[in-house]
Structure formats: C-alpha cells, structure tokens
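Going line by line, the protein sequences match chains A and B. Here the first sequence is numbered in my numbering, starting from 61 and rising by one per residue. Here the second sequence is numbered in my numbering, starting from 61 and rising by one per residue.
If you're looking for bench data, these hints aren't it; they were derived computationally from the structure. The model shown is predicted, which means the values in this text are computed figures rather than measured ones. Just to be clear, a hint being listed does not mean it is correct.
Remember, identical chains collapse to one label, so a pair may be satisfied in a single copy or spanning two.
When the alpha-carbon atoms are kept at most 30 Å apart in a straight line, the in silico DSS-like pairs for lysine-lysine are as follows [unchecked claim]:
#	residue 1	residue 2
1	K455	K158
2	K403	K422
3	K158	K490
4	K218	K187
5	K431	K158
6	K500	K158
7	K500	K274
8	K218	K185
Number of protein chains: 2
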Amino acid sequence: MYKSIGSEDISFFESIVQERCFVDLESLDMYSHDETEDIFILPEVVLKPSSAEEISSIMQYCNEQNLCVTPSGARTGLSGGAIPVHHGVVLSMEKFDKVIEIDEQNYQVTVEPGVITEVLQNAVKEKGLFYPPDPASKGSCFIGGNVSENSGGPKAVKYGVTNEYVLNLQIVLTSGEIIWTGANVLKNATGYNLTQLITGSEGTLAIITKIVLKLITHPTHDLLMLVPFMDSEVACDAVGAILRNGITPSGMEFMERDALIWTQEFLNDRSILVEDNHAAHLLIEVDGFNPEILMSDCTKIMDVLEQFETGEILFAESQAQKDALWKLRRSVGEAVKANSIYKEEDTVVPRSALPALLNHVKRIGYKYGFKSVCYGHAGDGNLHVNIIKGELTDKQWNEELPIAIRELFTEVVKLGGTISGEHGIGLVQKQYMDIPFSEKSLDLMRSIKAVFDPKGILNPGKII
Amino acid sequence: MYKSIGSEDISFFESIVQERCFVDLESLDMYSHDETEDIFILPEVVLKPSSAEEISSIMQYCNEQNLCVTPSGARTGLSGGAIPVHHGVVLSMEKFDKVIEIDEQNYQVTVEPGVITEVLQNAVKEKGLFYPPDPASKGSCFIGGNVSENSGGPKAVKYGVTNEYVLNLQIVLTSGEIIWTGANVLKNATGYNLTQLITGSEGTLAIITKIVLKLITHPTHDLLMLVPFMDSEVACDAVGAILRNGITPSGMEFMERDALIWTQEFLNDRSILVEDNHAAHLLIEVDGFNPEILMSDCTKIMDVLEQFETGEILFAESQAQKDALWKLRRSVGEAVKANSIYKEEDTVVPRSALPALLNHVKRIGYKYGFKSVCYGHAGDGNLHVNIIKGELTDKQWNEELPIAIRELFTEVVKLGGTISGEHGIGLVQKQYMDIPFSEKSLDLMRSIKAVFDPKGILNPGKII
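Extracted from the complex, chain A is given alone in its bound form:
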C-alpha cells in the first residue's frame, strides 16, 4: 500500500509550501470529511499550495515516495470524493481563489479552482455575463469541485451542466508535469478530448489548477411559481407535459411533501401553507430578456397545468419572495440531514420515466421498511432519493439497505438511467458501479486511470 508520512516528508512539504503545511489534529479533523453522511477519515497532513508549480513539486515527490494524495475543495461533496480513504496527504485547493480574467470580448472566464461558485457567478454578472450551473451549495462549493464532479443544479434543464461550459483546463499530472488540456475556443476537433475526460473525473486523474469557462449573456428577467400537486407522480408527469409544449423553464424542481415541510421547519419559515392534500410541489422558473414573453410562457405553463389536478399556484411577487422560495428549495438537503441519519441517492432517468422511478422508490421502501424523502431536478429526470434511517436498526441500515439500493439502481438502469446525475461516484457509490457498467467498461476506466496515475497515488479508493 502507500507509505506513511514521516518527518522527512513533512520537511520536504514545508520546503515547498512553508507555513501552509498542517499536522495539528484540528486541521486533520477538518479535512477528514465532506458533506457525505457520517464518514470521517483523518489525513496525515494537510497542504495548502498556492501555485501549479508547488503542486507539481508535491505530486512529483508523492509519486516517487508512494504517498497518496486526496485533492480537497470546499468539502461540500455528497459522494465522499474528498475523503482521504487511505490517509496520506490532503491537498486543499483553497488558496487557488482568484478569478484570473473575465474576457468580455469572447465571453470566457479564466478562474482558479478554489473560487466559490457564487462568487464567480457574481463576478461575471457584473459584466452582464452568466455562468449558469449552480448546485444547491453554490454559496459554499468551489468551481473546481463542480468541474471535478460535473455538477448540475436547478438551471441544468435549460442551460446544461458544468461540462458544457468547460473549454480548457490547466492540470498537474501525478508525474508533476503541468499541461493544458485544450484551447480557449468554442469548438475543438484537435485530438482526444482530454478536457472532457478530466471534467467529472473526481480528482482521480490530475489536479486542476486553472479553468477556462464559456459564459453567456445574463438573462434580465425571471418569473417563479410554486405549484402544489395532490399526487407526486402527477407532478412528474406535468414536467414532461410542459417541456413537450415547447417551453423550456430555467428550473423545474420537484419536492415531495416532507421535503418542503421539513425544510420549512429547519428554516423556521412557514410562509408557504402546505395543505393536507398536497403530496408534492413543483417550483418552476422561466427566465429571459423580455418580460412579455415570460408572462406568455407562464400562461402556456398554466394552460398545460390545467390538465392536471393542482392546488392554488403561488406566483412570487417580489425578489424577496423569489429568494425565499429558492432558499427553501436549496435547503432541502441540509434540512433532511438535520432531521435524521440518511443516505442520499442521486438517481437520473430519461425524464418521462420519473413517475415510474418514484413508484419504484416507494415500492422498494415498502419492501425493505424504509421511508424516503425525494426531491430534485425533475426537468432533467434527476431525482435525489433521501433514505431516512428513522427507526431502522443499525443491522438493517448497514446490511439490508445496500441490497435495497442495489435493487433501486437496477431499476434505474432498466429505465435507461444511471446511478449518479450530478453528485459523482466517489467513495459511497463505488460498490454499485457494476450495475450501470459492464466489467469491460470498468476495465477501460481502470486502464485510463492507470494512464494518468500509474502508481494509483491520486485520490485512491474512488470511482473504481
């Protein structure tokens, strides 16, 4: 396995990053986990380099010395990608916190990976530009983590996910070499697509040190509505009906009854009245440049919704009300976490299969005795299934639940879907990779990993 870190290693690291080398317990503890359930594994040292050259020296040394390295961003991940499973070095990217250049001529931004996604969004918005992908954790997650996980978020239904915006990456290889994966261009047919291979590779192939992203013009107007449904599967059906009528909302978020109620309690915000017969809600946003067209889009959406049984539709009347509704939606994950021990599955299917997926979730829950709270990006067919520990025994939780999850993922793949839409595989979904992929596909991935990291020192124990 990997070598343990000794005092001579620490001396070397200090020669590279000076005082940004940490071995105190508080630091080690802080980097022992991300937002994934209750998993804590201590690293042996935390390094906070501030340049690609420092990382190059560190990687070359660790590769030679057989020390394992786990890259770490804002630790908001939900699949355990930043957990140092084999201890060793945590390489925190937090000092890479600069928006290097906003290129207004070409609608591009060059940014370091440790910039908070919302900070990046605000910086480009000041120039009238828009970087759309915004995971629920946008106020705390790093753009480098978003690229590594190929993050999505509510706007993906209209604007796509992170990888559709990544034009070029500067990366440090395990050998210490620093390369660019592509060019700063909108179209590129020059060799294998290393940019897209690194994007979504969860920090297992290389360390990302600079990111060039495509931007678009920032929309000037949006409208937001919250629609209660008496039946969750009907809410999912409505999503497809809206899209098939030629409207592409900039958000179509699904929340089961408990997701909304638990979040209201968590935030102590009772502004929305959830009636007894409300089984689920859709939060629907349209955005664009022309208020009249947006109103007309909303009217069309209302027309479509008339085919379905809904409660009274709430239109947000102020920016404050929009912010409050989005805060409710964005806080569901935290609220569920605060309520119970849970496991979150990040299922994704072709969106017309959403009602069937929801049905499978509940059926399997009934069979294995667990309760679930579901919410997510219905427009993309991406359903977050939160399985609640509640009254389950530790034995049920640890031994039976993996069987239930396997059954759920098998149904997901049968529906044409896969086991992660935007959270990544990391540590906690690794055991299920044989469900979406054949052994041969996994072999290809293992071989690609070996191309970039022959000794397996970079983020070991993840994905495959």
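Got chain A; can you put chain B on it based on the hints?
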C-alpha cells in the same frame, strides 16, 4: 506492420457479411479516398457489415490476425480520417442506415451511424424536434462521421457542436466486445466520460454502432441577411460587436470576396451583385419562435452594423431566397475545390482574435507567395483557410507550404486557438500536433489509444 489480407481472410469475412465483402477494383477505388485534397490509398477489401455483432466478429478476427481496419462513413471528411493509409480492411458503415427511435417524450433520438445528417434532421423535424449541428455537407455526410469528428457547422454559434448532443454511444471495441458508453440521460456523473472520449476520436478508439442524441424544440421562424463589407477585418470585428450586444444569431458566416465570387461561378448563380469594393460578406441568420422578436433582433443587428462601413444589406424575402443564400455558403468548399488544387486549414481562435488571424493568414501568404480564400464560422472564431496552389511549383507546394502552415498554426496557438475546429486531425494535420500539444499531452493520447486498441489495428496512422 500489419498482415496482408489473404484468401483465408476473405473466406472468413464472407462467412460473416456474405455478399457484402468487396475486392473488385471499382469498390476498392471508391473507398480509397474522402473529400480531402488529392489522396488515394487502396484498401485490400471493403466490408459492409449490418449489425454490431458482425462488426464484433470482424474486429475480433482482425485483432487476432493483425489486420488493420479503417472505418468509413460517407467519405465527406476533410482531414483524411477515412483513408486506409495501411491498406487492409475498410469497414463501411453505410448499411447502418436506420433512425431507430425518435423519443418524443424525452427529446431523444437513437440512430445508426450511417444515416445522412439531413435525413436525421428531417425525420426529427416532422415531430417538431431539432438536431442543430449541420456541417456544410449535411446532405451527404453521415451522423456517425459527425460524431467521430465532433463536427460543427453554421449553427454552432448558437446551438453548439455535435458533442453537446451526444448522450450515449454503443461501440464495438477492437477486442470485439460491444458496450454502451453512458446512459440516455441529460446529466451523468457516473465514472469517466467515455461518451465524450469516443466523440471526436475519429474512429481510432472503437467502432460506433448506435448513437443516442439529445434534441430540442424546432424553432418556427428565421430571418436571413447578407451584409457586404469593404474590409475583411472589419467584418470580423462586426461579428464580436453583434454578440456583445446580447444577440446570438443562429448563424454568422464569413466569406471573403473570392469565396463568394468563385461559388457564384461554380453554381452559375449571379443573383448577388458583388461590388468592386466588397471585400467580404457576413451571412447572418436569427431564429426562434416569435417573428416580432426576430425582427427586433435584426433591428438591433442593423444598429450595431451602423458603426461599421457596410454595403447595402440584403434581406432574404422568401424561403427560396434563403435557400439560395445558404446554398451559396454551403458550396464554397466545393467551389474552391473545383477551381484549383488547394489545401484547407480549419483554424479556430477566440473570436475576438479573428481579425488578427486573418491578418496573419495574408501576411504569411505574402511571405511564401500563396493566395488564400478564407471563409467560415466567424461567430465561433472558426476560419477555413483555403490555400490555393495556383502558380506555385510542386516543389513550393510540397516543401515550402508545410513550413508556411506550421508558421500559421503557431500564430493560431499564440492567439489562444487550435489547429482544428471541426474537421479533425486525421491524416493531413497529424504532423502539426506538436504545435497545440506538449509531448506529454501527446503521450497521454497515445496511451489512451493503447488502452482501446493495444495492437494499433484501428484506423492506424491518424491523429497521433
């Protein structure tokens, strides 16, 4: 090297594809070239399999026997990707000609690689759906070739290139295994992105046998205008100015004076009067769902154009006139080809660098004594540089021109660009891959190639 094909090999192939095995000279000749300049290399046999299983048997056999295999689509490529450099087997995908399923619920289509791109577009348009990427050769190229080359086309400025639409691929590996690269979903964070690795890999990693593409709602209206400029660099400047004013046209095509005049002659279409002082034209299209908004977009474009010196702007007044204008643009490549021996370079830069790129092209042409005709997708910064043989001697053409091209590509990379935007590297640009990529990056690509094709039997001699 590779084994030559003998009668026992032919017997095996006939046992798999029956009468779809060809060794007659006419067939061999037909598959000896694509649309790339004047390169002809005969294969030893042409196979036309009709199922993934047939391809699996062929690949397994060729891999064991060390026979090389060159996949072949509609042979409209411009980088020599389909030329059987080492002879051997040409694997024509023309029997894979079915649109398998148009999924109107999920806005997806499953298609075989041998379907002509325009046939696919028309099939989905009947359902109100839109597959946007449309290379100039859309009436004859195959969708499988588009995926293999990551093709672009005029609409890329608004709608993106092929890889943004590829959700999932069925591929046959050199070992004969048949796998799917992903899932039929809009977002996917499950393992390494094999789908994007195969897309644009120019038939060097695997044989694509099924393609699942994302579709969008088909726009209902469009407007088209042709704008003459007195100065080519000013035309390029105007492109950036339009985009910076928040308009995203669905096409922004640049044509130098000679490109338009040669094409008029080639098509015998003199409907456009090119004045003596017209140095270049922009063909600008807007599309959408609301005619009033499109008119307003055109008015905004006219306002922007007032800052520049232009000739009289032509608005297409009928579908026939739109078709004629697009035909002119789409025929430039063929017209140049008909006019002279030429070489086409597929340069791409951040679009604000287009005027500088054009300037470099002309300066290098002056230095080395060649004339060039430039045209392309100005909205994406993608300039096709057609170098005309004209009066150049064979010695100049064969010995000096590569030096000039190297000088041009070096400038392109300095401008932040790269050496192919949409045509691929194939055979003819391979010698320049050291300009955009470091030796380490090329090594990574070679190693990825070896993962998929350890014996190097698949489309040898291409990319790297």
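Tell me, which hint numbers fail for this structure?
1, 3, 5
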